[in-house]
Amino acid sequence: MFRNQYDTDVTTWSPTGRLFQVEYAMEAVKQGSAAIGLRSRSHVVLASVNKAQSELSSHQRKIFKVDDHIGVAIAGLTADGRVLSRYMRSESINHSFTYESPLPVGRLVVRLADKAQVCTQRSWKRPYGVGLLVGGLDESGAHLYYNCPSGNYFEYQAFAIGSRSQAAKTYLERRFESFNESSREDLIKDAILAIRETLQGETLKSSLCTVSVLGVDEPFHFLDQESIQKVIDTFEKVPEEEEDGGEAEAEAAAAPAEQGGAGDQDVAPMEM
Amino acid sequence: SYGSTLRYKNIERMKAIGKHSLLGASGEISDFQEILRYLDELVLNDNMWDDGNSLGPKEVHNYLTRVMYNRRNKFNPLWNTLVLGGVKNGESYLGMVSMIGVSFEDNHVATGFGNHLARPILRDEWHADLSFEDGVKLLEKCMRVLLYRDRSAINKLQIAKITEEGVTCEDEPIPLFDHFDDTRKAAKSAACRNRAIGEAWDDYDSIFYNAWLKVSIEPTWFVDPDVV
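Quick mapping for you: the protein sequence lines, in order, are chains E and B. Those letters in the first sequence? Residues 1 to 272, per UniProt numbering, in order. Those letters in the second sequence? Residues 1 to 228, per UniProt numbering, in order.
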C-alpha cells in the first residue's frame, strides 16, 4: 500500500471507493503477534503467541475473559484491545444482571461491530487498531467470530490473525472440516499445532504460547503451562526432531512466507 | 376491597409474553397495561435481532424484577403483584414479583389473599407429577375458596396453560360453579333456608384449625330458630 492523497482522513473516500484509514487500521492488526481461534460443536479454543517487548519485560496479555461463556483474543494495538475488552465485559455483565442469563455471543459481536463502525464515520475519531477473535457459547452452540477494525464481523470455524497467521490459516484450512466433531483435547492440540506454524521453525515451548478453553459445562479459563507442555510433548518428543504430528509435519517446512507488514524490526512498540 | 371485578366483568389479567411465557397480574390494571407496553418493546427488540435466541420466562422474570424494584426506589411503584410462568427447553419456571420488587421462584405462587387462603391448600396438595386436569381442579378449588371470601368478585375464571409449544387453552373467562338465575330467590328458597347445617363449614376446615393450640376457630353461624 502506498501513500496517496486520499488517506489522511477516515472521512475521505478514494475515487475507487476505499477508505484508506480503515485499511491502514487493518494493517495494524497484521503487525500484532498471532492469535488463533477454533471451535467444535461444544468447545471454543483461543490461543496466542506470547511476545515480550524485551527480554527484561513480561509478555503482553492477548486473551481476555469476557464472561464465563465468552473469551476474546486480540491482535494489534493492545491498548485498543484492552478498552474493547472492558466494553465487552460491561455489556455482558449488564445483560446478566437484568436478565440473569448469559448474553448471546452473536449479540455482543454486533454491538462491538457497531461500535467499531462509528469510528469509521466520524472526523474526530480514528478506527480501533485491533482485530478481535471472539469465542463464546450460547443456546445455539459454540461460536467463533472475527471483529475487524472496519466494523465488519464474520463467523468462522477456525481463524488466525496477526503476523505470520497465513501459515496457521493454511494448517487450519486443511483440518477445519473435522473440527465440528473434534473432542476437546484434539481441538487444543490443533490450536497448539497452528501456533507452531506461526513460529516458523522456532522451537515450540509452553512459555511461548497462551491457550484458553471454554465449552459446555466448562467456563472460560486458561490452560496452565504444564498442561500445554504435555500436549506439546505428544508431538514433539525431541526438539528439532519431528515424530508424531502426522501430515502437518511434512508441509510445515513448506509453509508460505509471512503475510502483511515488513517484519519484526518495524513493529511499533505499542503493537503486540 | 381487594380484587374487584364487579364492574368490568371481562377484563383479562393474563397475557402471553414472547413464545415462552405467561404473565398474570393483580392490583392496578392501568399499571399492568404499562408493564405490558414495556414487555412489548422488550419482545419486539428481541425479535428484531432475528438470531435464534429468544427471551425465556427466567429472563422476563428478572427484567420485571429490575423494573419493579427500580420504580419502588424512586417512590413511584407500579402497583401490581405479578406472576410469571413459562416453559423453555423443557424446563418449567414459575415466579412472582411484588410491587416493591420482592421476587422469587416456587412451585406455586399467589397474589394478595391467595397467599393466605390458597397457598396452604397448594402446599398440602401440590406434587410434581400433577396432570393438567388435576392441576386445573386444584386451582379451581383454590379459586372457590377465594371467591367465597370476596364480596365483589364474580364467578368467572380464566385459566391458561403453557407448554413447550407455547401458550394454549387461554380460555375465555369461564363460570366457576353453580349458576342461579335469581340469586335473591335462591337465597330465600326453602331448599337454602332449610338446609342441614353440618359439622364442617366446608372441605377446608383445616384452614381454621390451629394445630398447635388444638382449637378450632370456625366462623360463627347464624342459627335460625325457625328452622332448628
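Derived by calculation from the structure, the hints in this document are not laboratory data. From a predicted model like this one, the values you see are computed outputs, not experimental measurements. Among the hints, erroneous ones may be present.
Claimed, not checked - Derived lysine to aspartate or glutamate pairs resembling EDC-like cross-links, with alpha carbons at most 20 Å apart: (1) Lys19/B x Glu91/B; (2) Lys19/B x Asp138/E; (3) Lys88/B x Asp138/E; (4) Lys161/B x Glu12/B; (5) Lys185/B x Glu164/B; (6) Lys19/B x Glu100/E; (7) Lys65/E x Glu55/E; (8) Lys88/B x Glu139/E; (9) Lys58/B x Glu91/E; (10) Lys19/B x Glu139/E; (11) Lys58/B x Asp68/E; (12) Lys58/B x Asp186/E; (13) Lys74/B x Asp51/B; (14) Lys51/E x Glu177/E; (15) Lys88/B x Glu164/B; (16) Lys74/B x Asp31/B; (17) Lys88/B x Glu55/E; (18) Lys58/B x Asp138/E; (19) Lys205/E x Glu55/E; (20) Lys58/B x Asp224/E; (21) Lys125/E x Asp114/E.
What the hints assert, rightly or not - Quick look at which bits of chain B chain E covers, simulated, 3 or more residues with Cβ under 8 Å: (22) 48-55; (23) 62-69.
Stated by the list, open to error - The following label-pair restraints were derived from C-beta to C-beta distances: (24) Pro219/E x Glu165/B: 28 to 36 Å; (25) Glu34/B x Lys230/E: 58 to 66 Å; (26) Glu173/E x Asn107/B: 50 to 58 Å; (27) Met48/B x Gly201/E: 22 to 30 Å.
Note that the Cβ used here is the ideal one computed from N, Cα and C, for glycine as well.
Hint check results:
1. Lys19/B x Glu91/B: The given pair, whose Cα atoms are some 14 Å apart, holds under the 20 Å limit.
2. Lys19/B x Asp138/E: Roughly 18 Å separates the two Cα atoms, so the pair holds.
3. Lys88/B x Asp138/E: Distance ~15 Å between Lys88/B and Asp138/E Cα, so the pair holds.
4. Lys161/B x Glu12/B: Satisfied, since the Cα-Cα distance of roughly 15 Å is no more than 20 Å.
5. Lys185/B x Glu164/B: At roughly 47 Å apart (the allowed maximum being 20 Å), Glu164/B and Lys185/B break the hint.
6. Lys19/B x Glu100/E: Distance ~18 Å between Lys19/B and Glu100/E Cα, so the pair holds.
7. Lys65/E x Glu55/E: This hinted pair is violated, its Cα atoms lying about 26 Å apart.
8. Lys88/B x Glu139/E: holds, 11 Å
9. Lys58/B x Glu91/E: holds, 19 Å
10. Lys19/B x Glu139/E: holds, 16 Å
11. Lys58/B x Asp68/E: holds, 19 Å
12. Lys58/B x Asp186/E: With a Cα-Cα distance of about 35 Å, the restraint between Lys58/B and Asp186/E is violated, given a limit of 20 Å.
13. Lys74/B x Asp51/B: It is violated: about 35 Å lies between the C-alpha atoms, which goes past 20 Å.
14. Lys51/E x Glu177/E: With Cα atoms ~30 Å apart, Lys51/E and Glu177/E exceed 20 Å; violated.
15. Lys88/B x Glu164/B: Satisfied, since the Cα-Cα distance of roughly 6 Å is no more than 20 Å.
16. Lys74/B x Asp31/B: holds, 15 Å
17. Lys88/B x Glu55/E: Distance ~54 Å between Lys88/B and Glu55/E Cα, so the pair is violated.
18. Lys58/B x Asp138/E: With a Cα-Cα distance of about 15 Å, the restraint between Lys58/B and Asp138/E holds, given a limit of 20 Å.
19. Lys205/E x Glu55/E: holds, 16 Å
20. Lys58/B x Asp224/E: Violated, at about 36 Å.
21. Lys125/E x Asp114/E: holds, 14 Å
22. 48-55: holds (count 5)
23. 62-69: Result for this restraint: holds, n = 3.
24. Pro219/E x Glu165/B: 28 to 36 Å: holds, 32 Å
25. Glu34/B x Lys230/E: 58 to 66 Å: holds, 59 Å
26. Glu173/E x Asn107/B: 50 to 58 Å: holds, 53 Å
27. Met48/B x Gly201/E: 22 to 30 Å: violated, 50 Å
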